[in-house]
Amino acid sequence: MATESAIRVKDLRKQYPGRDGPIDAVAGVDLEIRRGECFGLLGPNGAGKTTTVEILEGLNRPTSGDVEVLGLRWEQDAPAIRERIGVTLQETRFPEKETVRELLTVFRSFYGHGLTVEEAIARVSLETKANALVEQLSGGQQQRLAVAVGLIGDPDILFLDEPTTGLDPQSRRQLWDVILDLRGRGRTVLLTTHYMDEAERLCDRVAVIDHGRIIALGSPAELITRLGGEHVVEFAVGEGDSLDLSAIGGLDSVLAARAEADGYSLTVGEPHLAIPALLESLATSGRPLARLTTRHVSLEDVFVSLTGRHLREDEVVEPEAEPRGGRRGRRRRAAR
Amino acid sequence: MLRHSPFFQLYLARLREFIRQPARIFWVYGFPMLLAIVLGYAFQSRPPAPVEVDVVAGPARAGIEEAVAAHNARLADAGSASLGATSGVILHVHPEAEALNRLRTGRTPVVVMPEEDGGFSYRYDPTRPESAAARRAVDEVLQRAAGRVDPIATRDVLVTEPGSRYIDFLIPGLIGLNAMGGGLWGVGFFLVNMRIAKLLKCFVATPMPRRDFLGAILAARLTFLLPDLAVLLLLGVLAFHMPIRGSLALVILLDVVGALAFAGLGLLIASRASTTETVSGLMNLVMLPMWLLSGVFFSADRFPAVVQPIIQALPLTQLVGGLRLVLLEGAGLGRFEVARALAILAAWAVGTFWLALRLFKWS
Chain H
1 MATESAIRVK
11 DLRKQYPGRD
21 GPIDAVAGVD
31 LEIRRGECFG
41 LLGPNGAGKT
51 TTVEILEGLN
61 RPTSGDVEVL
71 GLRWEQDAPA
81 IRERIGVTLQ
91 ETRFPEKETV
101 RELLTVFRSF
111 YGHGLTVEEA
121 IARVSLETKA
131 NALVEQLSGG
141 QQQRLAVAVG
151 LIGDPDILFL
161 DEPTTGLDPQ
171 SRRQLWDVIL
181 DLRGRGRTVL
191 LTTHYMDEAE
201 RLCDRVAVID
211 HGRIIALGSP
221 AELITRLGGE
231 HVVEFAVGEG
241 DSLDLSAIGG
251 LDSVLAARAE
261 ADGYSLTVGE
271 PHLAIPALLE
281 SLATSGRPLA
291 RLTTRHVSLE
301 DVFVSLTGRH
311 LREDEVVEPE
321 AEPRGGRRGR
331 RRRAAR
Chain F
1 MLRHSPFFQL
11 YLARLREFIR
21 QPARIFWVYG
31 FPMLLAIVLG
41 YAFQSRPPAP
51 VEVDVVAGPA
61 RAGIEEAVAA
71 HNARLADAGS
81 ASLGATSGVI
91 LHVHPEAEAL
101 NRLRTGRTPV
111 VVMPEEDGGF
121 SYRYDPTRPE
131 SAAARRAVDE
141 VLQRAAGRVD
151 PIATRDVLVT
161 EPGSRYIDFL
171 IPGLIGLNAM
181 GGGLWGVGFF
191 LVNMRIAKLL
201 KCFVATPMPR
211 RDFLGAILAA
221 RLTFLLPDLA
231 VLLLLGVLAF
241 HMPIRGSLAL
251 VILLDVVGAL
261 AFAGLGLLIA
271 SRASTTETVS
281 GLMNLVMLPM
291 WLLSGVFFSA
301 DRFPAVVQPI
311 IQALPLTQLV
321 GGLRLVLLEG
331 AGLGRFEVAR
341 ALAILAAWAV
351 GTFWLALRLF
361 KWS
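Chains as they are written, first to last, in the working numbering: chain H, 1 to 336; chain F, 1 to 363.
Worth flagging that the hints you see were computed from the coordinates, not collected in a lab. Just so you know, not all the hints are guaranteed correct.
To be verified - What follows is a list of derived Cβ distance ranges for each label pair:
| no. | chain 1 | residue 1 | chain 2 | residue 2 | range |
| --- | --- | --- | --- | --- | --- |
| 1 | F | A305 | H | S64 | 33 to 41 angstroms |
| 2 | F | L355 | H | D30 | 24 to 32 angstroms |
| 3 | H | G112 | F | L226 | 28 to 36 angstroms |
| 4 | F | G30 | H | D20 | 47 to 55 angstroms |
| 5 | F | F31 | H | Q15 | 47 to 55 angstroms |
| 6 | H | R34 | F | L226 | 54 to 62 angstroms |
Glycine is no exception: its CB is placed at the ideal position from the N, C-alpha and C atoms.
Okay, chain H solo, but in the shape it has when bound (with noise of 0.2 angstroms):
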């Protein structure tokens, strides 16, 4: 039934003319999103993610393919659609000199029918802040009020563009608070995010994408569960060569052996048979062990052994640059 969507997405292409011949900023999305759930779309910068959301919001449009969006088109429904969505955009600046209430009165003007301005303060939690300019809000308080300007017209969708990047980890946790209390509402949730804890926390569903394709779509724990493994074990060696990854592959129990920036990662499904066999073949090859941690499996693991690259580039130590949007694939990385 068609009612049960919120939204629907079939091939969906964005081109835009770059330097060196178009670029194809979403390649051929295919995307169907129930009402009431929260989904998440994961990806490194320049994914793709924005360009994706921004068609959803009807701020762009696609090249070509197909969008429904509470089973309403946006070349002859564009109003009727904006009267039931709430969007917040990545870093909006508000005017500075504005309360929290006046803007949001501004806002609530331009709805039929929704929240009153107290309640929106009230699901963000800025009602000490009611009567405070927008200058003098922090980072997070001026991202909650992004959230409430979005929640004003009580949307059937949400859509939130990277909603807690550069937020401290207190404003991150407040925020999501709001998230999770709106997915207790009922009300359907698109989230972009590069953060795979965000992800794993809030979202029902996860579309992981890359270079404008879906690449991976489930909920975090099937995505997860689809690596095999349940542990990853991180370690390093004393100076020396690099290590022969392929041995180690094969060794007992383990699923998949990477280079890291810093050392080597392997994902495990049993750790008490890999981590001795480990640690045997490296004294077999004498080279000590620097270091040695285990931890569960991530998003952020599923979508390293997706591409072979991390979700935050600018984590990664690369000894040389290369070029952005580069080939898919599994990229080489320097063990040192």
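Start from chain H and add chain F according to the hints.
Just chain F now, with coordinates in the frame of chain H:
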């Protein structure tokens, strides 16, 4: 009901934003006043200043000093009643080398050198108007002292009426300049800043009617225009006794149509620009020619005839020209130049809005 009117809420927001920024209030209202006061006093009409000339030291200089003293005494006796083209003369005596050096470096307009035959020679640069004037004044004094008599009687009638002074010329210019600045900054720069802050996108993502958004900006612009006009007119009338000879309603109409033309220009500038650098460059490109050419600070008639059609087509030229005609000459709508100014300004307003709305990038 107004609580749910997007137009009214956006309009209020615009007013709030403006009055909460004292710096902006100064630039919009304070700065033009300051400019009017400073320039008004600097170019105030004053009685003619005495002419100062250098005389080369030597025995013959006594005769010159005598002649000048007699001239100055006569002038003092006559009092201010006959002050006209004639002004007092002040002599500075210097050795020849120093006097010539002062002439070269522009510290004296003319050097008077007694000749051996009892005559005088004047050394001066004829391309400097004040040198030529000083030479005439000194020559007059010396010739009269030597016995020259005017063959026919002449009489000076002096006119320093309000309306013909520099300040009267300046105030309409400043009103026009403010309308231009308000339209370009208040609409153009404001919109680009909203685009940079992603606010424009944020608004467009809501069901907000776009005509209400632009309408509110225009309404706010016109709201700020009236105090602006009032401040400069009051300053002119109260502090400088500037006349308002024409209809005040026509002055307001001209200013409003002019402000709409500049708001349209502002909108056009803002239609695509998405960085502060681009918009600043475009604003300067639009404003600088008008600052210089449109006759705000000095008459645009001084530019060569070839460029006059271009100058006359500029909105600021027409606004300032129209305001001067109405304020200082009491011209009405029936006067061709006033009607033409209104028509050209309206054409600018319609043309720029038409183009800007087609080009405008909302998201």
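Status of each hint after checking the structure:
1. F:A305 - H:S64: 33 to 41 angstroms: violated, 58 angstroms
2. F:L355 - H:D30: 24 to 32 angstroms: Violated, at about 40 angstroms.
3. H:G112 - F:L226: 28 to 36 angstroms: holds, 34 angstroms
4. F:G30 - H:D20: 47 to 55 angstroms: holds, 52 angstroms
5. F:F31 - H:Q15: 47 to 55 angstroms: Because 48 angstroms falls inside the window, the suggested range holds.
6. H:R34 - F:L226: 54 to 62 angstroms: Between R34 (chain H) and L226 (chain F), where Cβ atoms are some 55 angstroms apart, the hint holds.
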